Amino acid sequence: MLTIDNLSATVADKPILKGLSLNINAGEIHAIMGPNGAGKSTLGYTLGGRPGYEVTGGSVDFDGQDLLALEPHERAATGLFLGFQYPVEIPGVSNLQFLREALNAQRKVHGEEPLSGAAFIKLAKEQAGLLRFDMDMLKRPVNVGFSGGEKKRAEMVQMGILAPKLAILDETDSGLDIDALRICGEGINAIMRGPDKAVLLITHYQRLLDYVKPDFVHVLAGGRIVKSGGAELALQLEEHGYEAVAA
Amino acid sequence: MASLALPTRKDEAYRYADLAALAPLWPLAVQEIRVAAGATDALAITARSDAAEARELLITLEDGASFDLRVLNAGHAYGRIAVTAVLGRGASFHFGAAQLGGGTQTLEIVTEVRHLQPDAVSRQVVRSVLGGQATGTYLGKVHVARGAIGTDGEQSIRAMLLNRTATANARPELEIYADDVKCAHGCAVGELDPQGLFYLQSRGLPPAEAKKLMLHAFIAEAFVGAPDSEALTEAALAGLENLL
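Going down the list, the protein sequences come from chains W and A. FYI, numbering that gives the first Met the number 0 numbers position 167 of the first sequence as 166, with every residue one higher than the one before it. FYI, numbering that gives the first Met the number 0 numbers position 42 of the second sequence as 41, with every residue one higher than the one before it.
Bear in mind the hints are in silico, worked out from the structure with no lab data behind them. Treat the numbers as computed from the prediction; the structure is a model and nothing was measured. Glycine included, C-beta positions come from ideal geometry on N, C-alpha and C. Hints should not be assumed to be uniformly reliable.
Said to hold, decoys possible - As a list, the in silico SDA-like pairs of lysine to any residue whose alpha-carbon atoms are at most 25 angstroms apart:
no.	chain 1	residue 1	chain 2	residue 2
1	A	Lys-211	A	Thr-166
2	W	Lys-13	A	Arg-122
3	W	Lys-107	A	His-215
4	W	Lys-226	A	Arg-8
5	A	Lys-211	W	Lys-212
6	W	Lys-107	A	Thr-166
7	W	Lys-150	A	Gln-194
8	A	Lys-211	W	Arg-139
9	W	Lys-164	A	Pro-206
10	W	Lys-164	W	Lys-212
Claimed, not checked - Here are the in silico distance ranges between beta carbons for each label pair:
no.	chain 1	residue 1	chain 2	residue 2	range
11	A	Gly-131	W	Val-108	40 to 48 angstroms
12	A	Arg-163	W	Ala-189	27 to 35 angstroms
13	A	Asp-179	W	Ala-189	53 to 61 angstroms
14	W	Val-143	A	Glu-11	32 to 40 angstroms
15	A	Asn-241	W	Pro-90	17 to 25 angstroms
16	A	Asp-151	W	Pro-90	37 to 45 angstroms
17	A	Gly-131	W	Asp-12	42 to 50 angstroms
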């Protein structure tokens with residue numbers, strides 16, 4: 000589904016990704032772990048197409064398309080979802096209005112009719128219910144006044160509504176208490192487990208992986224993948240640290 | 000208020016005006032509105048024509064009267080709206096305005112709110128969206144007369160520049176001759192938050208739609224609580240289409 004080949008990227012002219020390669024097949028859940036400054040968030044933003052993250056080499060194929068040639072909204076319509084480590088607050092724009100317009104913009108790309116107001120509300124209610132997220136909060140402006148945990152759960156509701164093929168989740172577990180962590184983990188499983196879907200979890204800690212069991216774990220250090228393994232690699236990292244395991 | 004001689008740039012209220020566009024409209028007729036003691040009234044002005052427009056309003060609020068004035072200054076040429084509001088005891092004046100400009104046009108809102116008696120309230124919210132080489136101006140004076148204690152005046156002025164070639168002038172001004180008054184003003188000129196834009200785009204909204212959604216929210220602040228806020232916001236949205 001996603002093939003990253005020898006990807007290099009800079010932020011403000013500083014090289015961050017230095018020849019990163021990774022292959023994710025449909026039906027797989029991958030976790031990327033690594034020390035601070037390794038380039039984990041840069042990988043997420045580069046794949047999402049954030050301005051300021053400049054690709055200087057390599058290629059990314061997403062379902063047969065050159066992902067890097069697409070604009071951020073086109074990447075979303077192709078089925079990519081980027082979960083933000085710090086979801087952005089947008090005053091005055093309600094979650095429901097924004098998500099309905101976003102979903103309908105994606106449907107338009109696929110030649111589908113826009114979803115009616117009633118059908119959209121039904122969908123939003125289902126997905127909010129899954130994350131035990133208050134519908135009234137979805138009427139409020141995007142992320143404004145939400146706690147850290149609420150922002151992360153709102154992201155998962157967005158993911159449920161937009162139903163992507165591939166979710167890249169950047170530290171979805173940060174800022175979550177124990178209950179919220181479990182709810183988000185269960186949400187990821189419910190929304191993204193499937194033979195035609197895939198997840199790339201970017202995380203510092205093993206704890207999210209207790210709920211969302213990865214098929215593959217990779218260690219990102221110095222802008223490239225330095226070690227790959229199964230779920231047991233995350234446990235080793237937790238026990239011995241990056242330096243010992245990835246050396 | 001209106002004199003026969005065309006003003007010059009030395010005249011503070013016309014400092015940023017498009018005097019060439021103003022000349023054929025001069026002298027301006029003053030539209031006078033008087034709200035009787037204890038009465039409530041409202042007016043919405045939508046300027047969306049292709050020709051230059053300049054208006055001058057004089058609103059007198061008697062004791063305990065309230066008036067809600069909303070303005071959409073979004074024509075395709077020079078647009079000027081000047082408002083003088085004179086407030087009696089315990090009167091309440093609410094002014095919300097949005098101006099949307101592009102090309103080389105000049106838009107301006109000039110207000111003078113005169114708190115002559117105690118305990119009157121005034122609220123001003125002005126939101127400008129400016130693209131191209133447009134100039135958008137707000138000049139707003141709040142005058143609190145001697146003895147007008149308990150005055151509560153607020154000005155919230157914000158402008159969003161869509162291009163670095165656009166210009167926003169904002170000058171909120173307080174002239175206070177009384178003690179025990181509450182007057183606040185906030186003023187900001189900025190650009191759309193690029194992080195917010197990327198966030199919306201990352202969910203599938205094309206850039207123009209993402210901008211429109213954020214600008215819509217920005218403009219809507221000027222029309223919150225208006226009797227016909229929906230119609231005004233709709234009209235403003237139509238004006239936005241031309242700018243993006």
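Results of checking the hints against the structure:
1. A:Lys-211 - A:Thr-166: 20 angstroms, holds
2. W:Lys-13 - A:Arg-122: Violated. Lys-13 of chain W to Arg-122 of chain A sits at ~48 angstroms, over the 25 angstroms cutoff.
3. W:Lys-107 - A:His-215: Since the Cα atoms of Lys-107 of chain W and His-215 of chain A sit roughly 22 angstroms apart, the hinted pair holds (cutoff 25 angstroms).
4. W:Lys-226 - A:Arg-8: 70 angstroms, violated
5. A:Lys-211 - W:Lys-212: 40 angstroms, violated
6. W:Lys-107 - A:Thr-166: Cα-Cα ~36 angstroms, so violated.
7. W:Lys-150 - A:Gln-194: It holds: about 16 angstroms lies between the C-alpha atoms, which stays within 25 angstroms.
8. A:Lys-211 - W:Arg-139: 18 angstroms, holds
9. W:Lys-164 - A:Pro-206: 22 angstroms, holds
10. W:Lys-164 - W:Lys-212: 18 angstroms, holds
11. A:Gly-131 - W:Val-108: 40 to 48 angstroms: 30 angstroms, violated
12. A:Arg-163 - W:Ala-189: 27 to 35 angstroms: 46 angstroms, violated
13. A:Asp-179 - W:Ala-189: 53 to 61 angstroms: 60 angstroms, holds
14. W:Val-143 - A:Glu-11: 32 to 40 angstroms: 38 angstroms, holds
15. A:Asn-241 - W:Pro-90: 17 to 25 angstroms: Holds, since Asn-241 of chain A and Pro-90 of chain W (Cβ atoms, about 24 angstroms apart) stay within the stated range.
16. A:Asp-151 - W:Pro-90: 37 to 45 angstroms: 24 angstroms, violated
17. A:Gly-131 - W:Asp-12: 42 to 50 angstroms: 32 angstroms, violated
Violation of the numbered hints given earlier is confined to hints 2, 4, 5, 6, 11, 12, 16 and 17; the remaining hints are satisfied by the structure.
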